[in-house]
Amino acid sequence: MLDAIFFYAFALLAVAGAVLTVTRRNAVHSAIWLIVSLLGVAGLFLLAQAEFLFAVQIVLYVGGVMLLFLMVIMLVNLDRAKQERQFSQQWPAALALAAVAGFGLTVVFRKAGAVLPPMASPAEQGNTQWLSEVMFRQYLLPFELASVVLLVAMVGAVLMARKKAGT
Amino acid sequence: MITSTHYLVLGGLLALIGTLGVLTRRNVVVILMSIELILNAANLNLVAFARELNQIQGQVFAVFVIAIAVAEASVGLGILIALFRNKETVDAGEIDLLKW
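Order-wise, the sequence lines are chains C and L.
Take any residue in the first sequence, count from 1 to its spot, add 19: that is its number in the working numbering.
Take any residue in the second sequence, count from 1 to its spot, add 460: that is its number in the working numbering.
Keep in mind the hints are simulated off the structure, nothing from the lab.
Heads up, a few of these hints could be off.
What the hints assert, rightly or not - Covered by chain L, according to a simulated footprint, are these stretches of chain C (three or more residues, beta-carbon under 8 angstroms): (1) 65-71; (2) 144-157.
As the list claims (entries may be wrong) - Which stretches of chain L does chain C cover? Using the computed rule of at least three CB atoms under 8 angstroms from a CB of chain C, they are: (3) 465-474; (4) 483-497; (5) 504-513; (6) 521-531; (7) 542-552.
What the hints assert, rightly or not - Here are some of the chain L residues that sit facing chain C, going by a computed Cβ distance under 7 angstroms: (8) Val535; (9) Gly538; (10) Ile539.
C-beta atoms are modelled at their ideal positions from N, C-alpha and C, and glycine is treated no differently.
This is chain L alone, in the form it adopts within the complex (with noise of 0.2 angstroms):
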C-alpha cells in the first residue's frame, strides 16, 4: 500500500540529492539543473497532501512553483550566458566578481 508518506520519503531523498548538488558541482549549468530538482522534490510533497487530503490547492501550487522555476531558470539561462560571454567560463569558483 502506498501512502503519501512514500512520496515525502522521496521527495526529500530528491531534495538532498538536489542540495548536494548546488552545494558540490563547480559547473554553473549543472547547478541551475539541481535546483529544479529541489523545485521537483516539492511539487512532489505538494501533490502528494493534495492527493491525502482530496483537496486540489495542493497542485494549483504546484502549478505556481512550476511557472516560478521555468522563470528563475530563464533568468538564470541569460545572466550565465551574459557571464560566458564577458568571463569565458562557467565554473562557479572563478565568478568572484563581488569577493573583496
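The following block holds chain C by itself, in its conformation from the complex (with noise of 0.2 angstroms):
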C-alpha cells in the first residue's frame, strides 16, 4: 500500500517534470523541469531497490549534466530565443507519430500485463555490493570500453568548444 503511494507520486513528479520540461518556452524552467522529472526517476529507482543507481541519478544527473546544461543554457543568447517560435511547423505530424506510437504500446502493454508477474523479494547481498562483483567480473571489458569513451568524449567535448587559437 506504501509502495503504491510512493510508486505514484515519483510517477507524477516524473510525468509532470518531463512534460513542463518539453513544453517551457524558457530553456532555463526546461532545466529546472528536468530536475524535478529526473528527481522522481531516482525516487522510482530507489522503490525498486537500486541504490546504487539512485545515488548515481543524483549525484552524476542532478549534479553534473544539469549543471552541464545550466551553464551552457547561459553561455548562449537565451534572450533571441525566447522570442522566436518555440515549436517546429512539423509538430502535427510528431503528435501523430507519437499517437501511433503510443497506441501501439497500449497494445502490447494491454497483452502482456495479466503475464509479468510482481516483483520478486529483494536479495540478501547489499545492491552495490552485488552490483560491483557482477560488474566488475563479468562486465569488466564493457566497463573497460565505457572509461574509453568517457575519455573520449571528454577530449571532444573540450576540442569542440574550445576558442580557436591562432587562426
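Please assemble the complex out of the two chains, which come individually in their own frames, going by the hints.
Structure (C-alpha cells):
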C-alpha cells in the first residue's frame, strides 16, 4: 500500500516534470523541470531497490549533467531564442507519430499486463556490493570500454568548445 | 500492488514525451534535454526488469546507459557551443549547413 503511494507520487513527479520540460518556453525553466523529472525517476530507482543507481542518478545527473546544461544555457544567447517560435512546423506529424507509438505500446501492455508477475523479493546481499561484483567480473571489458568512451567524449567536448587559437 | 508493468507503462510514457520533445522543439538545448528523458525511460525499464527477474545485470546496463548519456550530453553541448560561436543561433531550423 505504502509502496503504491510512493510509486504514484514519484511517477507523477517524473511525468509532470517531463511534460513541463518539453513545453516550457524558457530553457532555464525546462532545465529546472528536467531536474524534477530526474529526481522522480531517482525515487523510482530507490523503490525498485536500485540504491546504487539512485545515488548515481542524483550525483551524476542532477548534480553533474544538469549543471553542464545550465552553464551552456547561460553561455548561449537566450533572449533571442525566447522570442522565436518554440515548436517546429512539423508538430502535427510528430504528434501523430507519438499517438501511433502510444497506441502500439497500449496494445502491447494490454497483452503483456497479465503475464508479468509481481516483483521478486530483494536479494540478501547489498545492492552496491552485488552490482560491483557482477560489473567487475562479468562485465569488466564493457566497463573498460565505457571509460574509453568517456575519455574520448571528454577530449571531444574540449576540442569542440575551445576557441580556435591562432587561426 | 505495484508490478513491473507499472514501471514499463511509465517508461513508455516518459519515452513518448521525450520523443515529442525531440521532434517538435526548435531550441537545441531542449532537444538535448529531451534525449536525456528518453535515456532515463530506458533506464527505468532496465531497473524494473532487474527487480522482476531478481538479477543485477539490468542495473549494470543502466550504469552503462548513464555513462553513454553523459558522454552524449557533453559532446552535444560542446558542438552546440561551437555552433553558437559560428552561427549565433540555437534554433535547429536555422542549422542547415548540410542541406543542399
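Okay, the hints, checked on the actual structure:
1. Judged by the Cβ-Cβ criterion of 8 angstroms, the region 65-71 of chain C is covered by chain L as claimed, because 5 of its residues qualify and three suffice.
2. Only residues whose beta carbon comes within less than 8 angstroms of a beta carbon in chain L count, and the region 144-157 of chain C has 6; three or more means the coverage holds.
3. By the rule of at least three residues with a Cβ nearer than 8 angstroms to a Cβ of chain C, the coverage given for the region 465-474 of chain L holds, with 9 such residues.
4. Check result for the region 483-497 of chain L against chain C: holds, 12 residues qualifying (beta carbon to beta carbon below 8 angstroms, three or more required).
5. Note: the region 504-513 of chain L has 7 residues with beta-carbon separation from chain C under 8 angstroms; the three-residue rule is met and the coverage holds.
6. Counting residues of the region 521-531 of chain L whose C-beta lies closer than 8 angstroms to any C-beta of chain C gives 9; at least three are required, and the coverage claim holds.
7. Restraint check on the region 542-552 of chain L versus chain C: 8 residues with Cβ-Cβ distances below 8 angstroms, three needed, restraint holds.
8. At a threshold of 7 angstroms, the smallest CB-CB gap from Val535 (chain L) to chain C is about 5 angstroms, leaving the interface hint in force.
9. The beta carbon of Gly538 (chain L) is positioned within 7 angstroms of a beta carbon in chain C (closest approach about 3 angstroms), and the interface hint is therefore held.
10. Interface restraint check for Ile539 (chain L): the shortest CB-CB distance to chain C comes to about 5 angstroms, inside 7 angstroms, so the restraint holds.
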